Structure formats: C-alpha cells, structure tokens
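Chains as they are written, first to last, in the working numbering: chain V, 990 to 1456; chain Y, 177 to 412.
Possibly wrong hints are sitting among the right ones.
Said to hold, decoys possible - Chain V regions said to be covered by chain Y (calculated; three or more residues, Cβ under 8 Å):
#1 1128-1137
#2 1398-1407
Said to hold, decoys possible - To list a few chain Y residues with every Cβ distance to chain V over 12 Å, as calculated:
#3 T189
#4 R196
#5 A257
#6 D270
#7 A272
#8 A274
#9 R275
#10 E289
#11 L291
#12 D295
#13 R324
#14 L332
Stated by the list, open to error - If you only want the chain V side, here are some residues facing chain Y, beta carbon under 7 Å, derived:
#15 A998
#16 R1117
#17 R1151
#18 Y1257
#19 G1351
#20 V1368
#21 R1371
#22 L1415
#23 G1419
#24 D1424
Derived by calculation from the structure, the hints in this document are not laboratory data. Quick caveat: nothing in here was measured; it's all calculated off a predicted structure. Ideal placement from N, C-alpha and C gives every residue a C-beta, glycine not left out.
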Amino acid sequence: MTGVGFPAAAARTLRDEQLRRNLRRATTTIRAKRARVVGELDGWEALRERGAAIKAEALARLPELLEELEASVTRAGGVVHWAADAAEARAVVARLVRDAGSEEVIKVKSMATEEIGLNEGLAAAGIRAIETDLAELIVQLGHDRSSHILVPAIHRNRREIRDLFARTIPGAHGVGDDPGELAEVARRHLRETFLRVGVGISGANFACADTGTLCVVESEGNGRMCTTLPHTLITVMGIEKVLPRFADLGVMLRLLPRSSTGERMNPYTSLWTGVTPGDGPQSFHLVLLDAGRTATLADPAGRDALRCIRCSACLNVCPVYERTGGHAYEHTYPGPIGAILAPQLSGLRDHTSLPWASSLCGACYEVCPVKIDIPSILVHLRARVVREAGASRGEHLAMRALARVFAHRRRYEAAQRLARLGARPLSRDGRIERDLPGPLHGWLAYRDLRAPARETFREWWARERGA
Amino acid sequence: MRVALFITCVSDTLFPEAGRAAVEVLERLGCEVEFPLEQTCCGQMHVNAGYEEEAMPLVGRFARVFDGFDAIVCPSGSCAAMVREQYPRLAPGDPAVARAAGRVFELSEFIVERLGVEDVGAVFPARVAYHPTCHSLRLLRLGDAPLRLLRNVRELDLVELPEATTCCGFGGTFAVKNAETSGAMLADKLRCLRDSGAEVCTAVDNSCLLHIGGGLSREGDAVRTVHVAEILASRG
C-alpha cells in the first residue's frame, strides 16, 4: 500500500476544522449551481444517455479509434507518440522539450500530467514547469497537493491564498484578499511568462478520431495562451479520451460545463487540429498515455470508470469527499471517481482501502453526466480486493462464519439468543454505551448501540401465531 | 393477497416492534400476512463488503424460502433494493431469483403503489422529520410514497429536514471501517435534525435509524427514532 490508507488519512484531514469549513462552503455552492443549470434543461436525462453511449462506443472501439486518431493527427501535421506507462510518458515529454531547445514549459491545467508526475520528471531533467491555471499555480507556489479534479485548491480560502501570494510572488506584498485583486496579481505574474516560454504542455478533454482535433475546456484563458503562444505544443492525453467523431463534441460540451462548474458554457473552449502554418504552434506533439487503461478495459465490470470526463460532479455531491477532502484519497483522482479509478489505474494492491471509502449512498451515480454506476463498481472492486489482494484474515473468517450462520435457520436463531445473552451485561436501558475492543469499537466510538430485543420478531410471531 | 413479510435480520433481532407494526398495517389493509420462519438474512452485508462468494448460498436460499407468494414485503428500502437490484446480477440464470426480484416491495411502496392506499387511518401526535434513506431514494426510487402516507396521518406535524437527502453515514460496514468519516457525517445529520425542531426522526430503514438513534442517544438528545411502519400502525 502506498500511503497510510483512506481511514487513517481521512482521520487526519477530518481534524482540520478550517479545511472542513472551506470544503463545505465550496461544495455547497457548486452543487447548487450545477443543480440550477441542469434543472433548466428538459432533456438532461436523454443527454446523459447520449454521453454514456458515445463514451461506451469509444471504449468498445478503442484500438481502432486510436489508430484513426493517429492517422488524422499525423495528416494534419502533428506527431503522435505512444507511452505505455508514466515513466515512458515523462521521458518522451522531456526529450521533446529538450529538442525544442527550452528549459522551461508553461502548462495548461491537466490531470494526465499530474497523474504521471510530469512536473517532477521534468525537474529531474533540468526543465522548469510553470503552472498557469490559477488554482494549480496556488498549489505549485505552496508546494501543496491538489485536492480536487476541477478546483485543485478547493481546500484553501482566500485569506490563505493572500498570505501565500504575499510570500511567494515578487511585488505582491500587501495584497488584499479580494478575489479580483488576487487574480490580478496572478495575471501580472503570469503574463511575462506567457511571452517568454517557447513550449506549452496541455492535457486534453477530448480528441476526435475522425478529424484529429484536440479540445481543451477551461475558464481563465490561460489554457488558450499556452496552446497558441508557444512555438511548440505538447499534449499528454489518456487513451480513453478519444471520441469517435467531431460531432460528438456537440453532446460532450453540453454535459461537461454544466456538470463541472455549473455553467451553461465554459468561457474558453480551445480546439486545434495539427499545425497551421503561420498561426499558433508550428510544432505539435500528441502523447497517448496508457498507464493502466488497457488493463482497466479488460475488466468488464470495472471498465465503465474509463468513461469519466473529469467533470468532478461526483466529488461535489459526495458526503464523504465533502468531509475528508481530496488528500485523504492519496491519489491524483480523489472522490468517488478516484475510489474506482485509482485502484484500477495504479494497482488494486496499492489502494486496497479506496473501494471502501464510500457509504454507497449513490449520490455520485445520480449526477454523473456519462452515467458511471460508481456504487456498483465500488462493490465489484471490494470483491476483487477480497479475492486478489486478500482482506484481513480475521475479517474473512468472521464473514465466512457469519454466512454459515445465516445459511441455516437454527444456527441463526441460536446466534440471536447468543447475541442477546452476550449484550446483557454490557447494556443499560436497552443500549450499549461503553466503547469495547474488537469489531464494535469503530461503531461505539461515535454512537451507542441498541441491544438485541428481549423477544425477537420471530419469537413473537411463533408465540402469537403459533409458527 | 398472500403477502410474505421479509423482516430482515436487523429488524428481527433489534427492532421487532417495526415488524409487528408492519403486520398490523398490512392486515388492516386486508392482506393475508405470512412469515416464513426459514428466512434469515438477504446477504447484503456480505455482498457490499466484498464477500459475494459467501453470499451466494443466501441468495438462492432467499429465493426458495419466499417462492410462491403474491408479494414479498419488507420494512427496509435497502434490503428490498438488494433483492430487486443486486440479486439478478448475482444469479442471472435463476428463475426463482428473478421471481423474488420481481415481487419484492418496500412497505410504503407496497401500500402506495401496489395497494393504491395513501391513508391508512393512523394517528400519531408528534412533530416528525422524515429522513429519506439513500437506498430507498436512489436504488428503489420510492419518490414521495412514504411522505404521502405520513401526510395523511392525523395529528402528525411533518417538519422539513434540512439537507434531507444527504447520507447519514451508516453505509453498513462503512460505519465501522471508516468510523471517523461516518461519525462526521452523522454529526451533520444530527445537527440538521436538531435544526428541524422534530421530536421524532422516521425512515423506512431500521439500519439507518440504528445509526441515527445511536448518535442521538450518545449525545443525550431527546429526539426519538421511530420506523415509518410504527407511525402507520399507531392509533394515537
């Protein structure tokens, strides 16, 4: 296992009262915005169906569509590279940056590059990566980690950001905590960088196989700067991001902004197809990243996780995420989608506790724009952890024993009597109030436990109705 | 109509009063209620905890025990959803399982949708908040069936519960495996309950009420938890 596992990591973040307040305010606001803009569409459910069908088709035809995409991008003047894992992708990008003669890159907000640890990889190769998305910049300046797919600095409030800027940005001393003022400081800081650096790096929200068109959706315009100003543009994209047709964007671009920022349309949608002489980057590279996607695709009960378009609606409605924050998931992808993506992309054995980081309340499935049945995949992955990674031996024995009890009426009734007898010395007024060691400890740490009834229902039935 | 009561292991052992209330309401509405004594547990805990293999004998067993009734009625949205939504996936080729999945109802759903009754003639003088449990809301899609029944209960003052559709943090083994997170969710649910001004918190799932009630009693709170079936059986 990498990290300490979800329960322990969550216990740590839950103690941070400021974090809890920041998250509560942010998720409540964005939830309400999403509900409002989704509610104003009549055909939202039909649109979700279409989004799900498009992504399902893309996954079903993935090998063929990727070859089509490669041909389309190449025809349009781009160069396609294939990376089987994170290390290969980092090496390809570092080589391309060096070939372009640059020691700096400017970056569009991208989950794929974060997933592969690109910034650290480039730093090791002597290349400085500069985040230009405001929230990613906040995370980078604070040597912090992202805690949300869409709003990486959701765990910070504006006073914390003011202090960070005053400390780290030259000339920002004495800045106030007004969001407009903070954005202005970041804008001045970044403007000079945009004009100086010759290589841009982006991820991709979508790639259309038929035309070779790449698409990045954003709010600030920094992404537009990074994809148009530099002479070289490198896009790192998970292979599951391919769409069969350019026309599919018509569906996806309606689903994504409404689900993620709660906007009818996002402010900037950048589309580019290869290279256009005299306009924009004159050198374009597309790095297609596998990094566990093919393996995920091989599991029919888990593969739907690859439909994800990284909108983060599931994070914003998740009662677990709202309280623990993203860091408790110990992975690039937090929240409900992270709990099913991380174990599949990065290895079940390294993330055995994530499938249990959910009460299975189903709020995530209800809002997912591509209808990923996250609760069912969580249950499936729990079974896989038990089967493949091995649960605790004690738990396995207990569950097996309990199943045998439930398999026979007499054993079940004997267990009921035993539970009643066992609870008697521990309970007062029909409930157990004291904490106990063993499996009940977790429960009793936060709540009392009702003791078994003096007469079970079946005993009453047998007495009253004579069996 | 021959109706089998599927009590659930939680209610059988911890909340027999909810089962007795369910019998009373169903008989009042003219159903012939039977209780197959061979029933034990539907296997939901095993399946949701990752022990599908161990749960399989329980799935087959349930389908045999409850075969031959016009309806299987259960005072739990979560256990009814287990049989309706998960059983067909677990045992796709089993006709008895398919029959069980097609005939299982949560109690309020059965009364409103199947019997077409919205007023069961109950009297319950109290301020009541209804907590829509996650599985009854999002798996069974009960909609407002329980609320329609509660609105017709005499002397019952139905108060609005803030953030009603947010999970209480139970989640089966989640409450034990992720006790800190579950506890934080529960604390917020209790705050909402207090804000609602309710004297009674009701729901269609005793497992969620076990959780909420355990939190209330730990905090020494005066709000009581009562299953919807008991309110519907009450004559004041």
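Which of the numbered hints above does this structure break?
The structure conflicts with hints 1, 3, 4, 5, 15, 16, 17, 18, 22, 23 and 24, although it agrees with all the remaining ones.
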